[in-house]
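Trainee: Letter by letter, the chains look like this.
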Amino acid sequence: AQKITQTQPGMFVQEKEAVTLDCTYDTSDPSYGLFWYKQPSSGEMIFLIYQGSYDQQNATEGRYSLNFQKARKSANLVISASQLGDSAMYFCAMNSGGYQKVTFGIGTKLQVIP
Amino acid sequence: GAVVSQHPSRVICKSGTSVKIECRSLDFQATTMFWYRQFPKKSLMLMATSNEGSKATYEQGVEKDKFLINHASLTLSTLTVTSAHPEDSSFYICSARGTYSTDTQYFGPGTRLTVL
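Protein sequences appear in the order of chains L and S. Read in my numbering, the first sequence has 81 at position 81, and its numbers run on one by one without any break. Read in my numbering, the second sequence has 51 at position 51, and its numbers run on one by one without any break.
Note that these hints are calculated values from the structure, not bench results.
Straight-line Cα separation of at most 25 Å, PhoX-like style, residue types lysine-lysine; simulated pairs:
| no. | chain 1 | residue 1 | chain 2 | residue 2 |
| --- | --- | --- | --- | --- |
| 1 | S | Lys14 | L | Lys101 |
| 2 | S | Lys20 | L | Lys101 |
| 3 | S | Lys20 | S | Lys66 |
Make a model of the complete structure from these sequences and hints.
Mentor: See the structure below:
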């Protein structure tokens, strides 16, 4: 069975500081994709970053980077230089089962403090 | 933890037919349910938000007559894709949440729709 675990229900970070949001996963599929979404209070889901299970390098997208540690089955999101607009819910998710199934974590609420 | 199921997990239909996708919260009362569509580059588009017993609120650009959403009970919401066309082929994901916006949001496993 596929599973995503986000153990931090809420996080605080000072503006301009970096923050790491934890995500661990479990799957028996050798091929899978991991991604992070940001959800503001409006409910929309904003795609941030994607990491394929066979990708050799950690994914980066601007201020977002994914710390992919395959042996530990972790895919932590690192946000550098936090901004007030980064305050939101963040969901870790995984496509697996031949990319026919998606599994989401329960999310981490990030609050950026001025 | 709470579980949200979707049925069917995969459906193939002919162009012009209608397809109904069910989203159920299995062990909690979902006052609010969300329907998303996942695009090939992983972006997840919010289609609509539905509250039990009231009409769904559709996002801009989503045709409410084409994507019919019904949230008749606290455990079931349905999305009906009417007169489906190949461009409607996608991965549809629902999520469910309790009464308060601070309640945890749980996601279903998704439904892969292929329209021939």
